[in-house]
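**Student:** Please arrange chain B on chain A, whose structure you already have, making use of the hints.
Protein chains: 2
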Amino acid sequence: MSKQTTKLVKAITSRDEDFAQWYTDVCKKAELMDYTAAKGFIIYRPYGYRLWENIQEYLNEKFRQTGHDNVYFPLVIPESLFQKEADHVEGFAPETAIVTIGGKEELSERLIIRPTSEVLFCDHFSHIISSYRDLPKKYNQWCSVVRWEKTTRPFLRGSEFLWQEGHTIHQTETEARQETMDILDIYRNLGKELLAIPFLTGKKTEKEKFAGAVDTYAIEALMHDNKALQSGTTHYLGTGFAKAFGIQFLDQSNQLQYVHQTSWGVSTRLIGAIIMVHGDDSGLVLPPFVAPIQVIIVPIQTDREGIIEACDALAQRLSDKHLRVKVDKSDKSPGWKFSESEMQGIPIRIEVGPRDLEKGECVVVKRVNHSKTVEKLTVVADKMPSMLQEIHDEMYQKALDNAQDNTHEAQSYAEFKELIANNAGYVKMMWCGNSACETKIKEETTATSRCIPFIQEHLGDYCPVCGEKAKYLVYFAKAY
Amino acid sequence: MSKQTTKLVKAITSRDEDFAQWYTDVCKKAELMDYTAAKGFIIYRPYGYRLWENIQEYLNEKFRQTGHDNVYFPLVIPESLFQKEADHVEGFAPETAIVTIGGKEELSERLIIRPTSEVLFCDHFSHIISSYRDLPKKYNQWCSVVRWEKTTRPFLRGSEFLWQEGHTIHQTETEARQETMDILDIYRNLGKELLAIPFLTGKKTEKEKFAGAVDTYAIEALMHDNKALQSGTTHYLGTGFAKAFGIQFLDQSNQLQYVHQTSWGVSTRLIGAIIMVHGDDSGLVLPPFVAPIQVIIVPIQTDREGIIEACDALAQRLSDKHLRVKVDKSDKSPGWKFSESEMQGIPIRIEVGPRDLEKGECVVVKRVNHSKTVEKLTVVADKMPSMLQEIHDEMYQKALDNAQDNTHEAQSYAEFKELIANNAGYVKMMWCGNSACETKIKEETTATSRCIPFIQEHLGDYCPVCGEKAKYLVYFAKAY
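Chains as they are written, first to last, in the numbering used here: chain A, 612 to 1091; chain B, 612 to 1091.
So that you can see chain A by itself, here it is in the shape it has in the complex:
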């Protein structure tokens, strides 16, 4: 028995006992990642990286359909370039990693490892843009970025993480703002169609917005422990960077104008969201369309005549339907194989044993609710695509119900504090729009504003914190 298998014997910590430990256990035991000698830097193991590749594939398709081009920009930013936009540098400078030595010599100018690449794109844009005919430019980059974090957790907060960062420039504010909304839609659909996660969308407050943005929009999700996870953002950057970097174009009337800019990104945090939204005490539970393996076939009594052949034949029929399938032919016991497939969160397990084979049947087990059905071997392959869709829909609905059940309204600040103290999830409350109230809430409850949702409700006329006139309904929550 291999070392990995032996480790599996130890059950993982239960979610309700210690959610943080459960999370780490799942990350390690489902072999999604491993730690390294460099603190905060992790290894994305094959199973974890495949999740990211499936997210990449989905987004690349959507980005192409909407006219975005992939590019690759440098890993490092000369310090002088990094400092050109004041808000941006103030936001990011404290958490940068800096290269000071190259080829055994001290560098004359220090190089910042990109924490995000706005300044590099701006510098390039300023060289290639001169006319309205050059616009828009809609670029996307897949890469890793480095942000020096004191406390790190796999996928959620790391010194290095993988992401995509979109950078676009446009002739008008309207067009640029539309871009931030279009991308937010793509992100929301990524949740709905691939991750089975219902994202709450809205605008960030001034306090929570991106360093250098005019407006930031976000997708937020509620985890099993009722903490929120910011899962992606889009930014309307206005003309601030354009002015700092001189990105100008001659418009149709031959007037010099600054471009209107956006940036946006999602990261490997999404893997953390998948784990914490869907996982259970047996391990990962993967939504079918993002799962590296969608169906695992477990032969029972592999030495009995015809068993392996029947499993292989079934696997072939599933592959022909473009499903991702694996036959577990290892010499582990069926019980081990079941536990492993549960830990890995494989959506469907098909068991084929000698008695099943005699009857021309197999047992089909859904990971999400452990339900078992007996199916005819002749038709089971045909049923798989719709069964995977059902599982996806079921998981999405379950996550949506959970988010709705854990969304509350607070009419008073006392009520708000009690809800937050009880880990009630999202708490909706009216807000005056002043950062002072937000700061007070954070200091007194640790909750932060998640977003000002696009669909506004009216819960009252005044901000329960300060008593001033209320401007918005805001979702608050404890957050990662």
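Calculated directly from the structure, the hints in this document are not laboratory data. Incorrect hints may have been included.
Since the list gives no way to pick one copy over another, a pair counts as held whenever it fits inside one copy or between any two copies.
Unchecked claim - Result set (PhoX-like, lysine-lysine): computed pairs, CA atoms no more than 20 Å apart in a straight line:
{"hint": "1", "residue 1": "K650", "residue 2": "K695"}
{"hint": "2", "residue 1": "K820", "residue 2": "K673"}
{"hint": "3", "residue 1": "K749", "residue 2": "K937"}
{"hint": "4", "residue 1": "K838", "residue 2": "K937"}
{"hint": "5", "residue 1": "K673", "residue 2": "K803"}
{"hint": "6", "residue 1": "K932", "residue 2": "K983"}
{"hint": "7", "residue 1": "K639", "residue 2": "K948"}
{"hint": "8", "residue 1": "K749", "residue 2": "K940"}
{"hint": "9", "residue 1": "K814", "residue 2": "K650"}
{"hint": "10", "residue 1": "K761", "residue 2": "K715"}
{"hint": "11", "residue 1": "K818", "residue 2": "K977"}
{"hint": "12", "residue 1": "K695", "residue 2": "K715"}
{"hint": "13", "residue 1": "K715", "residue 2": "K650"}
{"hint": "14", "residue 1": "K983", "residue 2": "K650"}
{"hint": "15", "residue 1": "K749", "residue 2": "K818"}
{"hint": "16", "residue 1": "K937", "residue 2": "K948"}
{"hint": "17", "residue 1": "K673", "residue 2": "K937"}
Small disclaimer: the values here were computed from a predicted structure and weren't measured.
**Tutor:** Same frame as chain A, but now just chain B:
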């Protein structure tokens, strides 16, 4: 007219006048890349990056078919880990970039930005391997690496470049050596099937092998200026890293053994090879299967009735055949559009003008030899797939003929020196196997050994440099 277009007016330097300048002109004017404020770090613009994505797609498919998993390992290597394998550190330490500051504080241990990731993979392997059942592990990673280079050239030599690095561990030497050969085959086929480049394959000499390898194998290609370009390598690493990092497993007889290891990679150098093997005085010439745009349709007199519609209809028929097609509807003149499509190296241009349309015809121009034919609009789409295959075959054959025409034999060292001085391309010569002769050749002629080819010829009994008994036939050349 946009700035880019204006720049196109200036013809590029001719290849025979100044090959280095021609190369840089093509890189810039075909919009493959741009320079940045950080020396040696370039931007991969959409058209250049798409070439890389097409290479990635080809290799990912092959790597998966042969059981390799993609992973992602950290960007940085703690200095103590980096120093564990002596040959390796000696080879790479002089050209590393080093992070010394993180989060505004001096780091207690310096972090090397990966110049290659053997040590990271080794460290991980040592944690996850215990039994023969855990083997083999066959991993691949797409990432960028940093090597501090004094003189840099786009795609050929940069402080940062993109590559894939494979890292595998096996139970036996035989299996590991087979892996290095299998991957070399994949690389050779990449040349044959995608890049239309005939790669010479063979073993590197001791002097030219990878730091830490037992044996290195390479794919080499001859550029238009008769210099060779090492385009990819595979390494049999033996058990050296395994011993340094303690990567051991219990074999079937319960004996503790060290794993046998390989690593291998190709990089964005391949883009440089495409440019320098196929390009001409009008710009890029792209092999059809790696080309971002395979067919460009140029409407002549865009305001004439039916022209745009006919072009769009044709484009749709080509897209339906899964070809990559673009209709150039910009308001530039047809002449401009022709020059641009030539500069971009688009394999086929289809021109549709009013008179063509009346006759139900179009003009088809092949980029590679500027040949023009008139085709019926009703059948032109059906002809495209085979025409693209013909162009590919033609380009491959042309490159093969060129390499063969520029491969010579030297019986004496005097003859060798004359051939090298005349930029004759590859020079085959017998060699005694001593590094001293190789060093002498390099010092006196600047030529280096490219490889000891798998198919050995016998040109004589003695090494023409020292007069000792000859061991191998070696290909020498001036190289990038």
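**Student:** Output the indices of the hints that this structure fails to meet, ascending.
**Tutor:** The structure breaks hints 2, 4, 6, 9, 11, 14 and 15; every other hint is satisfied.
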